Each structure stands twice: as C-alpha cells, then as structure tokens.
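J.: This is what each chain is made of:
There are 2 protein chains.
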Amino acid sequence: MMDQMEWIQGGVTAATGFLAAGAAAGVKYQGRKDMALIYSETPCVAAGVFTGNLVKAAPVLWDREIVTGDKTVHAVVVNSGIANACTGQQGRDCCRETADAVGLALDIPADGVLVASTGVIGMQLPMDKVRAGVSVLAGELSDTLQAGTDAACAIMTTDTLCKEAAVTVTIGGRLVTVGGMCKGSGMIHPNMCTMLGFVTTDVCITKELLQEALRSDVQDTFNMISVDGDTSTNDTLLVLANGGAGNPVISEKGEDYERFCTALHAVNETLARKMAGDGEGATALFETKVIHAASKEEARRLAKSVICSSLTKAAVFGHDANWGRILCALGYSGASFDPERMELYFESSEGKMLIYQDGQAVDYSEEAAARILSAPEVTVIADMKMGDACASAWGCDLSYDYVKINADYRS
Amino acid sequence: MMDQMEWIQGGVTAATGFLAAGAAAGVKYQGRKDMALIYSETPCVAAGVFTGNLVKAAPVLWDREIVTGDKTVHAVVVNSGIANACTGQQGRDCCRETADAVGLALDIPADGVLVASTGVIGMQLPMDKVRAGVSVLAGELSDTLQAGTDAACAIMTTDTLCKEAAVTVTIGGRLVTVGGMCKGSGMIHPNMCTMLGFVTTDVCITKELLQEALRSDVQDTFNMISVDGDTSTNDTLLVLANGGAGNPVISEKGEDYERFCTALHAVNETLARKMAGDGEGATALFETKVIHAASKEEARRLAKSVICSSLTKAAVFGHDANWGRILCALGYSGASFDPERMELYFESSEGKMLIYQDGQAVDYSEEAAARILSAPEVTVIADMKMGDACASAWGCDLSYDYVKINADYRS
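Here the protein sequences come in this chain order: A and B. Just so we're aligned: 238 in the numbering used here is position 156 of the first sequence, and the numbers increase by one with no gaps anywhere. Just so we're aligned: 284 in the numbering used here is position 202 of the second sequence, and the numbers increase by one with no gaps anywhere.
Just so you know, these hints were derived from the structure itself, not from any lab. Be aware that a few hints might be false.
Because identical chains share one entry, a pair is satisfied inside a single copy or across any pair of copies.
[Claimed, not checked] Here are the simulated lysine-lysine pairs, DSBU-like style, with alpha carbons at most 35 Å apart: (1) K110 x K371; (2) K289 x K335; (3) K486 x K371; (4) K434 x K486; (5) K110 x K434.
Because the structure is a prediction, the values reported are computed rather than measured.
Work out the full structure: start from the sequences and follow the hints.
T.: What follows is the structure in structure tokens.
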C-alpha cells in the first residue's frame, strides 16, 4: 500500500479544487502576510480536533460548532498576530463578523466558513483590517502551489519556516491528494499545540469517517509533539474533503479507508515533525522512539515525557550526552518498566550508539556521543524490553533563544 | 498558637542535641565543601518522603528501608556532585559502605545512618574519597550554628545560596526547636525535587505521628514548588526528632501535635520558597496563590500549573504582563472553572493590580504591571470565584542562565 503513496510538492492547494491566498492585512504584524484563506467551490465535509484547554479561544468555539454539525464547509479564514482568545463576547462576535465577510465575498453561507486565529491572547481583533484583508484574499484566490505557500507563510507567528506537506495515493482507481499546512511554534503541547493545522484533500469520504480518521491519527502525530509543555487556547487541526478526486465514496472501513489514513498520516506526521523541529529557539529536532513497551499508551507516555523534559532539551542544545536526565524523565512518566533491563541509544545522521544497559552507562565515548548529538535531527531510542508496543514523539532543544523569544513576545 | 512561634537563626544544629559538619572531600567538585554530616547522640525517630520517580537513586532505596522500619536513627550523611543514581549494584553497595564508615567513625549501627546524594546521574562514587570525607566530618562535628551552615553549604549543587530555616515553639511547657536545611536547584518538581531537605527537631514524638505530620505537610510545601518540571531520581526529605526538648511525648493528635505541625510547616514552607527562588538561573521567586477554588486539590493543581508554565516563567523573566499565558496554564491544569467569572491579579512589593475580569483584560497600565513584575518576588493571585479552597505554589522565572547551566552541567 505504501509503495503507491507518493510525496509531491505543495500544501493546501495540492488537492483538486482547492484555492488559497495569503495577504498582508496589518492585523498586528506590519510588512508581512498575516491572513490566509482556503476555499473550495465544491462543498466539503469537514473534520476537526481542538485544544483540550478549558480556556478555548473564540474561533475554537465557532469551528467546533460547525464541524460537529451537519453543514458542509467551503472556506477557512485564518489570521496571525492576535489569537482572539480571552476576548469575551466581543471576540465571539468577531468570529461571526469575519465569517460573514468571507461569506459575502465568496457568495457562500457564513456557517460554511471556518475561522482560526493565532498570536497574542487577550487582544481584540481590529475588524476593519480583518474585513479589508478578507476582500483582498477573496480577490487573490488561486490554485497554484505558490498560493498555498503564501497561505502557509501568512499563518506563521514565531515560526522561522513555512510548513507544508502533500502526498498522492490511489484509492478506488482514482488519484487522491492530501495536502496541508501548519504553524507553531510556541505554546506547543498539543492536546490538541498553538498549533494551527489545515489539511485539504479531494478524497470522497463521509464526514463520520473523516472525523474518525483525524481523531485517531492525531494521537500518533500532532499529539506526540511538544515545544514547551503549554497547551494553547487555540489549537486547531481541520481537514476539508471536497470529493474532487471522484473515487467511490469511502463510507466504511476497509482498504480504501486504510489507504486514505496512510496518506493522512504521512501528511500529519510530516507537518508535526516540522513543527517540532521549528519550535521556538530550536536548533535541533529532538525525537524519542520508544520500542518494546508494554502498551501503546505507555509507549506514548514514555516518549512524550522525554521530549518534554526541560533538562533533557537543554542537554540536547549543549550536545551533552546526559542520558541520566532521559532515564529520569522516563521514570516520572507514570509508565512502569525495569530501569535495570531497559536500554538507551542515541542516533542521528552521525551514527547510532548504545549508551545505557543493565542499569548503568556502557563505556561509551563522550566525544562520539557529542558528535551524534550535534546533528540537526537527534533521536533517542528507549528499548523498554517489555512488549511489542512502540511510539515516537517529537520536540526540540531548549535554547537561549526560546527564553529571548518568550521573555518579550508581545513587544 | 502562631503567636508563640518564633523565628530563630540556624538550621540543622538549632535543635538541642544535634551536631553537624561540612567538609571538602573532593567527591567531584574541587575546592569547596561537598560532604555533610548531621548527628544526634540521642537516638532519633525518623520520617521521610521520597521521589515518586520510578527510577530511584540508591540512597533513596537505602533510606526508605530504614525509615519504614522500626530502627532509630543517629546520623545523616550527604554528598553533592554525584547523585549515585542509575549506578546498579555498585551504587547500592556504596550506600552500605558509606553508612558503615559513618557507623565506625561514630560508634553507631550502620542501619542508623541515612544517606543522601545529589549531582550527576550515572557516575559511581569514589569511595576512597567518601571514606576520607567521613573521617574528616566525624572529627569536626559541632553544635554551633556555623556547623549547620557548613553542612547546608556542602550539599549545594547549582544553588547560589545556602538554605536554612529554624523556629521555636512551646509544646507541653517545653521549648521545642525545629530547624532544617535544603538544596535545589534543578530537576526540581518534587513529587517529592533533586531537592534534598533535612529537618532536625528536639521534639518528643512517636515515629508514626512524625511521619504523618511530614507526609501531610509536604503536600502544601515542597510538593508545591517547581523549577523545571523534572522530578528527580533523588528527591528526599528527612526529619529527625531526638526528643531532647523533654516535652511529654506526642503520641496522639491534639494541641501539642498541631503546634508541632505549625512549626514544621513554617520551616518547610520557608525552605521550599527559598528553593524555588533560587531555582537554576532564577532572577525572581514566582508565587501563584489560588483562592476561592472549588476544592483543595483543584486549588493545588491550578497553582502548580501556572508556576510550571515555561511561557509564563519566561514572561516573568521579561517583566511582561502576559496574563493570557497564565489563563492558558489555568485552563490546561485539568481543574474546572469559569474563565468568564474568575479574576487575575499581579502583586509584589511594588503594588497590587487587577489584570483580568469578566472574561477579558481590564484597562490596566502595562508600565505599572511591568514595575510590579520587576520585583524579586512576584505573585499572581487567581480568584476562581467558586468555593473556599486555596493553595500556593512557588517557582521561578525562566532565564538565559537556566539554559546555560543545563546545556553544560556535566562539564
């Protein structure tokens, strides 16, 4: 099945029938694109997963209502700079007004417009600028890859790279495309991170199965990354499927569904890794693979505990093979294992090395370990020697720049 | 009751019958004191609480066995520099050999000697240096306040200040003293931080009640602090009571027990606050007081979530009144509340200010808020408007120096 999946260029405009645009609306940032629009002329079924934070931003409430209802969706409008979180009734009104503006500009119902925001909490959106932005966006919609990239750049906050991924897969004899974009890069600890993610696909699928595929896949992708342990008020991941590929509608689990899930997973995992690797101040992507754990849930818990440990992250930044901090983080994860039986390895493009075995460090070379840890992508492998379950989690190192960015984010 | 409690100078030698010493044994650090000994000629009942980390250092296992048994205790020996964690059988043997050396030097049973270590995980203790250190310590034991301070300095790792506290209280007509010392300052997220804490008292109390008093008090003191969210392998808090005050033995709950608990709490809270304020790289003590929460457990959870938030800690470092991050941290704590009803305040020696009310920011002065946040001790007050429960938690800001210290701790 996997051999039929192909990586392609592009993001949210990769799939048939999806248009996008990015524009500089001056919502808060000046001199850069800060609003994005995604649009499908054909109505889409939409699925979404949202922050587990009790404090939910206004757009999260707006989208959740639409996604859980039975309406189809035509568009997603996004702004960066202001999160529209903790903004009370005025903030909720802004969502409706933004959706109204998009609806008017594209001649679609306002409740077919999803809304997302990211940025500073507690500020109100300047609606005059948002409305002007919507007009510009509507006029610039295009199905080019560049239009997708423009949208992906517009949603960035402290991100340093714009993040896109797309694949094709054959389903029911038709070529199906799944493409997406996302942004980080602080307050990233998805339970559902402010991560925002938007995936578009031309697959033909029922709303129920699209939601199930998304909900299941985030457990192993976006919910397995962390930059700083802070679960944002705005975390949102939306998938829109417009059916443009013309495959027989996927309405039950089976081979077609599995193929779609594989494609969705490939896009989600790639976007999640990009988000982790571009975490605020990050100099390296820090991956932890847990293998031979007793259960999937314990594997996830162990992997995530390591990539969340501030001390371990600081050690990765310093290229310091301080494996004791890793063992410590595994130990307080809440999962059970035998510290005397498990094994730890470091791996990167510079090689792979056993570090810890039989309850103590092996006689490894600190120099060689430091070389492995100096690569741009560093992996810790924890072999729990208990069972068959495995899980990966992705984070980043903790650097001076993380502090710099966050000590003074609002100014 | 409180009016009878008096703060006094001193630490572990404040209480009658306790001697201490600090010595430079060269375990790992050079040119500074790195071993401490506490000793009571009279046998002590001992209580202890230990790390909840599954990976427990060898001294934790040694002490836990003694504290949960029925033997009395005479001494505690501590080294800094090497944690004796993840050191296998050899590490466990080191504990026994260290206790044997102390037993021999002081003519007491080895199983009356508690052992604690803090420092790098995974290194073996150089037993020749430890044994030589024990000899020096035994010869220098003294009941002076300076001897207590020497011990408190010897157990420091990345701490910048030595941490002591002591009080007196009258129980059963006799003057009872409770004094203690502790160290931080990284891997501090006690469930039970490597925090090490040692409290000595001359109260006369049963072992059972001493353990109960300790276990109950840590929930509101040491377990309410966090520097970096990493629960150490070595966290240990020990209390030794030698009965030297001559009060009628406290063998049941009642006024005498409550007085002792008040004194123990005062010492523990002071030590915990000192530890948080001297967290690695900290420029400020960051306190969160949750009031009017629905339950004590929710109050604790809310308070701790805020002081653990990396983004909030970085904002405190930047003197940035980024209250949205506080609300975000309250929101992902797992406790339930109404974000539209609760209120947030900033408070310090520079004043007190309402920041958030009715679901949005009040019209406050950013300048005035920054002034409040520039004090050495900064408090956030979260009024949940739900019930009667309250809790305080203590952390510190997140600075460049935290990263610096931890990117290169082992070298």
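J.: If a hint holds in the structure, say so; if it doesn't, say that too.
T.: Cross-check of the supplied hints:
no. : hint        : verdict
1   : K110 x K371 : between (39 Å within a copy, 33 Å between copies)
2   : K289 x K335 : within (13 Å within a copy, 62 Å between copies)
3   : K486 x K371 : both (30 Å within a copy, 27 Å between copies)
4   : K434 x K486 : both (33 Å within a copy, 26 Å between copies)
5   : K110 x K434 : between (45 Å within a copy, 29 Å between copies)
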